[in-house]
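Just so you know, the sequences run in chain order X and C.
109 is the number that numbering that gives the first Met the number 0 gives to position 110 of the first sequence; each next residue is one higher, with no gaps.
115 is the number that numbering that gives the first Met the number 0 gives to position 116 of the second sequence; each next residue is one higher, with no gaps.
Estimated spans, in silico, between C-beta atoms of each pair: (1) X/Pro146 / C/Pro287: 20 to 28 Å; (2) X/Arg297 / C/Ser47: 41 to 49 Å; (3) X/Lys172 / C/Gln233: 50 to 58 Å; (4) X/Asp243 / C/Lys51: 50 to 58 Å; (5) X/Glu242 / C/Ser148: 28 to 36 Å; (6) C/Lys23 / X/Glu20: 17 to 25 Å; (7) X/Asp243 / C/His108: 30 to 38 Å.
Using 30 Å as the maximum straight-line C-alpha spacing, the simulated DSS-like pairs for lysine-lysine come out as follows: (8) X/Lys152 / C/Lys152; (9) C/Lys68 / C/Lys23; (10) X/Lys27 / X/Lys103; (11) C/Lys51 / X/Lys51; (12) X/Lys55 / C/Lys23; (13) X/Lys104 / X/Lys172; (14) C/Lys23 / X/Lys51; (15) X/Lys55 / X/Lys23; (16) X/Lys68 / X/Lys104; (17) C/Lys51 / X/Lys55; (18) X/Lys23 / C/Lys55; (19) X/Lys104 / C/Lys265; (20) C/Lys103 / X/Lys265; (21) C/Lys265 / X/Lys103; (22) C/Lys104 / X/Lys265; (23) C/Lys51 / X/Lys23.
One side of the interface only, derived from the structure: several residues of chain X facing chain C at Cβ under 10 Å: (24) Gly9; (25) Gly18; (26) Asp88; (27) Asn114; (28) Ser116; (29) Val117; (30) Ile121; (31) Tyr129; (32) Tyr131; (33) Ser136; (34) Asn156; (35) Leu166; (36) Glu294.
Calculated directly from the structure, the hints in this document are not laboratory data.
The model shown is predicted, which means the values in this text are computed figures rather than measured ones.
Every residue, glycine too, gets a C-beta built ideally from N, C-alpha and C.
2 protein chains.
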Amino acid sequence: MLFIIGLGLGDERDITLRGLEAVKSCEKVYMESYTSLLSFGLDSHGLSNLEKLYGKTITLADREMVEEKAHHILEEARHSHVAFLVVGDPFGATTHTDLVVRAKKMGIHVQSVHNASVMNAIGICGLQLYRYGETVSIPFFTDSWRPDSFYEKIHSNRTMGLHTLCLLDIRVKEPTLESLARLGLVWFGLVYSTSSSWFYSLLMHFFFRGRKTYEPPRYMTINTAIEQLLEVVQERQQPAYTEDTQCVGFARLGSDDQMIIAGTMKQLQMVDFGAPLHCLVITGNTHPLEEEMLEFYRCRT
Amino acid sequence: MLFIIGLGLGDERDITLRGLEAVKSCEKVYMESYTSLLSFGLDSHGLSNLEKLYGKTITLADREMVEEKAHHILEEARHSHVAFLVVGDPFGATTHTDLVVRAKKMGIHVQSVHNASVMNAIGICGLQLYRYGETVSIPFFTDSWRPDSFYEKIHSNRTMGLHTLCLLDIRVKEPTLESLARLGLVWFGLVYSTSSSWFYSLLMHFFFRGRKTYEPPRYMTINTAIEQLLEVVQERQQPAYTEDTQCVGFARLGSDDQMIIAGTMKQLQMVDFGAPLHCLVITGNTHPLEEEMLEFYRCRT
Numbered sequence: 000m001l002f003i004i005g006l007g008l009g010d011e012r013d014i015t016l017r018g019l020e021a022v023k024s025c026e027k028v029y030m031e032s033y034t035s036l037l038s039f040g041l042d043s044h045g046l047s048n049l050e051k052l053y054g055k056t057i058t059l060a061d062r063e064m065v066e067e068k069a070h071h072i073l074e075e076a077r078h079s080h081v082a083f084l085v086v087g088d089p090f091g092a093t094t095h096t097d098l099v100v101r102a103k104k105m106g107i108h109v110q111s112v113h114n115a116s117v118m119n120a121i122g123i124c125g126l127q128l129y130r131y132g133e134t135v136s137i138p139f140f141t142d143s144w145r146p147d148s149f150y151e152k153i154h155s156n157r158t159m160g161l162h163t164l165c166l167l168d169i170r171v172k173e174p175t176l177e178s179l180a181r182l183g184l185v186w187f188g189l190v191y192s193t194s195s196s197w198f199y200s201l202l203m204h205f206f207f208r209g210r211k212t213y214e215p216p217r218y219m220t221i222n223t224a225i226e227q228l229l230e231v232v233q234e235r236q237q238p239a240y241t242e243d244t245q246c247v248g249f250a251r252l253g254s255d256d257q258m259i260i261a262g263t264m265k266q267l268q269m270v271d272f273g274a275p276l277h278c279l280v281i282t283g284n285t286h287p288l289e290e291e292m293l294e295f296y297r298c299r300t
Numbered sequence: 000m001l002f003i004i005g006l007g008l009g010d011e012r013d014i015t016l017r018g019l020e021a022v023k024s025c026e027k028v029y030m031e032s033y034t035s036l037l038s039f040g041l042d043s044h045g046l047s048n049l050e051k052l053y054g055k056t057i058t059l060a061d062r063e064m065v066e067e068k069a070h071h072i073l074e075e076a077r078h079s080h081v082a083f084l085v086v087g088d089p090f091g092a093t094t095h096t097d098l099v100v101r102a103k104k105m106g107i108h109v110q111s112v113h114n115a116s117v118m119n120a121i122g123i124c125g126l127q128l129y130r131y132g133e134t135v136s137i138p139f140f141t142d143s144w145r146p147d148s149f150y151e152k153i154h155s156n157r158t159m160g161l162h163t164l165c166l167l168d169i170r171v172k173e174p175t176l177e178s179l180a181r182l183g184l185v186w187f188g189l190v191y192s193t194s195s196s197w198f199y200s201l202l203m204h205f206f207f208r209g210r211k212t213y214e215p216p217r218y219m220t221i222n223t224a225i226e227q228l229l230e231v232v233q234e235r236q237q238p239a240y241t242e243d244t245q246c247v248g249f250a251r252l253g254s255d256d257q258m259i260i261a262g263t264m265k266q267l268q269m270v271d272f273g274a275p276l277h278c279l280v281i282t283g284n285t286h287p288l289e290e291e292m293l294e295f296y297r298c299r300t
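Given only the sequences and the hints, what does the whole structure look like? Please build it.
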């Protein structure tokens, strides 16, 4: 049996009783560490809070591990109870759907335990959830890669008067360029070596394995997101939004020290929202009750 | 202090540890009984499960009570800890936003405890949450009232390849027509009586108070929803959907006996989904991973 258990958004107290009961029934507990993070997901102190609560050792599973070792995890789940803990709700990210599909194909029984995710917890600002259009993701721009496909979606949403949730980029355990270059060598070896290809690739794998290095983790701030959003409309006629468009910025949503501020893009760009995770909502047309609620979060600068 | 606490979707075990801790700290506990229901929200047996878990007496608050007595609830929250329990997440329904706005205006500290709601729990079927457009509500049609404003929204969503969540009507504690007629008399009295208006209205109020009667509760089934959806497109050129459009039906989402079936409207119309609550998703364009996941829920008739 594989349990996919949502942990909610704040800390170890955000698991449900149903989820806690499930974790306690498991022989092996994995926790995803690639799509998001929590106060307890980052440092060993936080993790030990979880371990203390569950009375279990937790194995942190990064993207590489889940993609490479999914079969191993699922083999365990075939014979025993295995928990896979996910920050937020289990089905916020595609990767978990993939794990469930693989499990079901192997005939393993899967049980999901729901929890709050950013997709519904943003309701706290007063903008009604049923008045949101398509959700967009804002990726980190680089010098050579500045994809702006989010723009058209925001444009559509705003044309229909709908709010837009912008999920901001998270880069955790990204291989360094140097690492990628080395990996390129490995693949070059894999593709071009002939009869001895497996031996060669194995050799390359072990040779480079220990040296794989990663970029430090990066979490996009609301400030960077707005900078990129405004860059994208700079040369557009009748842009879908401007620096005067009303938005709501959320930091550490669901935590004790969450921060929610409503204001124009220009105003929010000046706010220090502190530690990650951040997300941003671009408002559409607002109803009086929505306005009344936003008033409590209004930027006072 | 007013705590607005989400209970999640299944039963008493779906509250979070944070939520449970908050309820236990409260002197008074209310539970909304108007926007949705739970196995434990309907009968005294279920409610007593909650009461046993919390070690508290729970006062059920229907829409009338919340709208008429909000001030009383909030006055209590000014001087003590009051919990207001909500099925799903606190901000799924406008009414709770309204309560929070009133509390904040009175200077009462409000704390929200998030949980899963239907808006994110539908992710379990494999259709990615960020690929949903605007959510629609399907109201019960009557002989004279057949509003179809949901059609244009579904049309927009499908034009953009997005999925649509359809929330199905719930009629709980609706006054009977007879009751409404009596109420009309009271208001007639209120408006047209002159100097003695207050005395007159008070008299009418007490006279009719005990006799107010309600329709039995009604929860729209997926079958009725599809019937109405198909009626609406009957005479349209190039309809946004047909009886062959792929949908996913959900019943009792998040409960142990939840039912999730994917199929065409025509197929789902033949399925008996059992007890409420039901909701329906009309798919947009699907990705291969979404298709793979839906396959597990596919209707076999």
